[in-house]
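Student: These are the residues of each chain, in order.
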Amino acid sequence: AQSVTQPDIHITVSEGASLELRCNYSYGATPYLFWYVQSPGQGLQLLLKYFSGDTLVQGIKGFEAEFKRSQSSFNLRKPSVHWSDAAEYFCAVGARARRGGGADGLTFGKGTHLIIQP
Amino acid sequence: GAGVSQSPRYKVAKRGQDVALRCDPISGHVSLFWYQQALGQGPEFLTYFQNEAQLDKSGLPSDRFFAERPEGSVSTLKIQRTQQEDSAVYLCASSLGAGRLTYEQYFGPGTRLTVT
Chain A
1 AQSVTQPDIH
11 ITVSEGASLE
21 LRCNYSYGAT
31 PYLFWYVQSP
41 GQGLQLLLKY
51 FSGDTLVQGI
61 KGFEAEFKRS
71 QSSFNLRKPS
81 VHWSDAAEYF
91 CAVGARARRG
101 GGADGLTFGK
111 GTHLIIQP
Chain B
119 GAGVSQSPRY
129 KVAKRGQDVA
139 LRCDPISGHV
149 SLFWYQQALG
159 QGPEFLTYFQ
169 NEAQLDKSGL
179 PSDRFFAERP
189 EGSVSTLKIQ
199 RTQQEDSAVY
209 LCASSLGAGR
219 LTYEQYFGPG
229 TRLTVT
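Residue numbers (the numbering used here), protein chains in the order written: chain A, 1 to 118; chain B, 119 to 234.
Worth double-checking, as some hints may not be accurate.
Stated by the list, open to error - Residues from chain B that face chain A, not an exhaustive set, calculated with beta carbons under 8 Å:
| no. | residue |
| --- | --- |
| 1 | Tyr128 |
| 2 | Ala131 |
| 3 | Phe151 |
| 4 | Pro161 |
| 5 | Gln201 |
| 6 | Glu203 |
| 7 | Leu209 |
| 8 | Arg218 |
| 9 | Tyr224 |
| 10 | Pro227 |
As the list claims (entries may be wrong) - Selected chain B positions facing chain A (Cβ under 7 Å, derived; list incomplete):
| no. | residue |
| --- | --- |
| 11 | Gly160 |
| 12 | Phe163 |
| 13 | Tyr166 |
| 14 | Asn169 |
| 15 | Tyr221 |
| 16 | Phe225 |
| 17 | Gly226 |
| 18 | Gly228 |
Please keep in mind that the hints were generated in silico from the structure rather than gathered at the bench. Cβ atoms here follow ideal geometry from the backbone N, Cα and C, with glycine treated the same way.
With these hints in hand, go ahead and build the complete structure from the sequences.
Tutor: Right, here's the structure in full:
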């Protein structure tokens with residue numbers, strides 16, 4: 001079964017500084033990879049996704065992520081954070097659908113809480 | 119366009135009561151998922167529908183949990199005889215479905231269930 005590790009529970013970054021949130025996954029093949037953001041009282045919003053091809057993917061709100069197969073990682077980056085980026089960030093992996101139908105849902109990490117300092 | 123909607127947004131139930139949580143997916147989305155998110159945790163998969171067929175219910179924690187999607191659109195998650203450990207946010211997600219698009223999921227705001 002697949003698993004996702006987000007090693008940082010909290011990260012504090014100054015407004016305008018760069019950001020990198022770490023994500024490591026465990027899966028027997030190349031997974032589908034996602035980053036979601038969750039603001040208080042809100043549902044999860046999809047930031048970006050990786051299915052195949054170019055390992056550097058661009059998302060919304062100026063975020064990008066890089067898939068590194070050798071490190072089983074899919075770290076999220078942003079060159080300059082804004083106060084509105086303060087939220088909970090979740091990395092998720094989707095397993096390939098089983099033959100004959102059916103699909104596992106997304107497997108999420110425990111999340112990283114991003115705090116923005118003025 | 120309209121996103122995924124869920125109702126109620128908040129539900130308080132006394133232990134032992136039955137509850138029903140509703141999800142309206144994005145129109146035309148074939149796949150529908152339910153997740154449970156405990157406080158301070160990431161969402162955990164409960165069950166998956168493709169149209170009206172429940173193809174995976176491996177994440178349902180007990181036989182007190184039951185989900186249906188009879189016409190392939192709106193879905194209801196029912197919890198019978200609620201227990202305190204059922205307190206969580208229940209998230210619904212939908213996707214266009216089929217192949218990898220199944221995994222590009224769009225989430226509703228969730229229903230926060232508190233069992234007292």
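Student: Determine which of the earlier numbered hints do not hold for this structure and return their numbers in increasing order.
Tutor: 1, 2, 5, 6, 14
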